[in-house]
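In order, the protein sequences belong to chains A and B. Just so you know, the first sequence maps onto residues 1 to 124 in the UniProt record's numbering. Just so you know, the second sequence maps onto residues 1 to 444 in the UniProt record's numbering.
Since the hints were derived computationally from the structure, they do not count as laboratory data. Be careful, since some hints might not be right.
Each pair of labels, with its calculated beta carbon distance range [what the hints assert, rightly or not]: (1) Glu42/A x Phe126/B: 16 to 24 Å; (2) Asp123/A x Arg303/B: 55 to 63 Å; (3) Lys151/B x Asn3/A: 30 to 38 Å.
Every residue, glycine too, gets a C-beta built ideally from N, C-alpha and C.
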Amino acid sequence: MENLLYSKEHEWIKVEGNTALVGITDHAQKSLGEIVYVELPEIDDEFEAAEAFGVIESVKAASDSYMPVSGKIIEINEDLEDNPTLLNEDPYGTWIIKIELSDKGELDSLLDLSAYNELCEEDN
Amino acid sequence: MFRYIPATEEDRKEMLDVIGINSVDELFDDIPKNLKQSQPLNIGAPMSEIELKKRIEELGNKNLSNLICFRGAGAYDHYIPAAVDHLISRSEFYTAYTPYQPEISQGTLQCIFEYQTMIADLTGMFASNASMYDGATAAAEAAMVAATVTKRQEIVVSKSVNPETRKVLKTYCKFRDIKVVEIELDEGATCIKDLKDKISDKTAGVMVQSPNFFGIIEDLDEIRENIIDKKTKYIVYTDLVAMGILKTPGESGADIVIGDAQSFGTGLTYGGPYLGFMTITKELIRKMPGRIVGESVDQDGKRCYVLTLQAREQHIRRYKATSNICSNHALNALAATIHMSLLGRVGLEKVAEQCYKKANYTLRKIVETDRYKLKFNRPFFREFVIEGEESPEIINEKLLKDGILGGYPLEKEYPELKNTSLVCITEKRSKLEIDSFVERMGEI
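Model the full structure from these sequences, guided by the hints.
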């Protein structure tokens, strides 16, 4: 988790060169509750930072998932279509989308682990 | 609901004094003058209950009721068992609004669950929503679903789809920037060649109706075969009564099946309220507007019903809703459910068979008069198009004098179909009625 960056909307991002994996944090999955459906974007879809790329439905609510930074979808985690609770079981081991970064500079605006933990404490 | 509580002049004055104004009008000062009614409503003087009842009866008697009906064109004169009206008139049903709280509305939820099960069964589809306004809005909503899931902005629709349905479809599409492309007719059915020409990688959905507006049974399999783009959604508008004897659209590979269920439980009520239905494949279930009721068990293991799959409904994510459907036509859906359960599988088959056989008998007899011929030589269900020398308007005027409501004149909607009319026969028409209708038609 140390090597991840975080958005204020509770997504994590793991950068590998020009691409990155995106998922939701443990805090996010706990507040959503049991996740029953994940609506994924399509490969090649492009999104701006903070734009919604999909929807996560839990037994309690349906929430949008936002792009931590701008990018193009290059892979989606199809396992989530049949088994959305993976996000509850292993939030940091379960990525939702793999993106190609369009502006690496945007990464600077994201939070590191300690800043994110502070944010979660404020939430609580 | 509160009972009527009259307010005397004194009561009013007291209330106005409390809030510190002089007249009721002052309460509405914020509304611009030009938006307000400047004169009292022209509704006449107050009447006593006896006078009012008499007046309403007089007005009601101006209606031509009890006509022998040979008209369909989207609204059908089927027999409604007496139990339907009796049961839906129970106050727990007709006063109930939409069931948000499962703990107090298990009965209503169970009705919707039964309704959905029957509609999905009849159409051969995976799931049905809890109902829609009418067939036309269901068709428009189906087009919206197709556009949303395919991210495409073009709907191809056959001209054999009810003209009123197409008008509603166009209105909805206009405000979503969706282009509506119409497919020409071939002998009263969807022209396959034109379909092939007009379908492209921009097509979100292809919409056809079967039995179509002219009563003709379309070849749904052949149309499916011509939708070769895997993304394009196949939308079929159908008739539930016809499902008693026809192959279901689900079996022909439809992605979305819609229609109007007015034939079940809802009489001919001068345009509404009717009952739209929508069913969908498993793949698209989360894109379906409206709500679904699911069956589950409570903490004691007892069977119970809950609203489910409603994440896109207005009361949860209003700004994300793809549809304005929030309420449904629950009472009409209940009427349809009772009607369908009273008929049962065998009853429905018999109703459908009677429509089919009586319509064919009527056609044979009409053709035997030598004054009319069948316009399209295609298999039909309970409606068919005839062509004669005389204008259908004149024919109908004469029929009306004998208490008969004649066929639907087609020229207004289809200028190329001059002197044609669409004749409809339901199971309600007796041989005597049919024979006298044919006799009168033969004399005109």
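A quick look at each hint next to the structure:
no., hint, in the structure
1, Glu42/A x Phe126/B: 16 to 24 Å, "holds, 23 Å"
2, Asp123/A x Arg303/B: 55 to 63 Å, "violated, 39 Å"
3, Lys151/B x Asn3/A: 30 to 38 Å, "holds, 35 Å"
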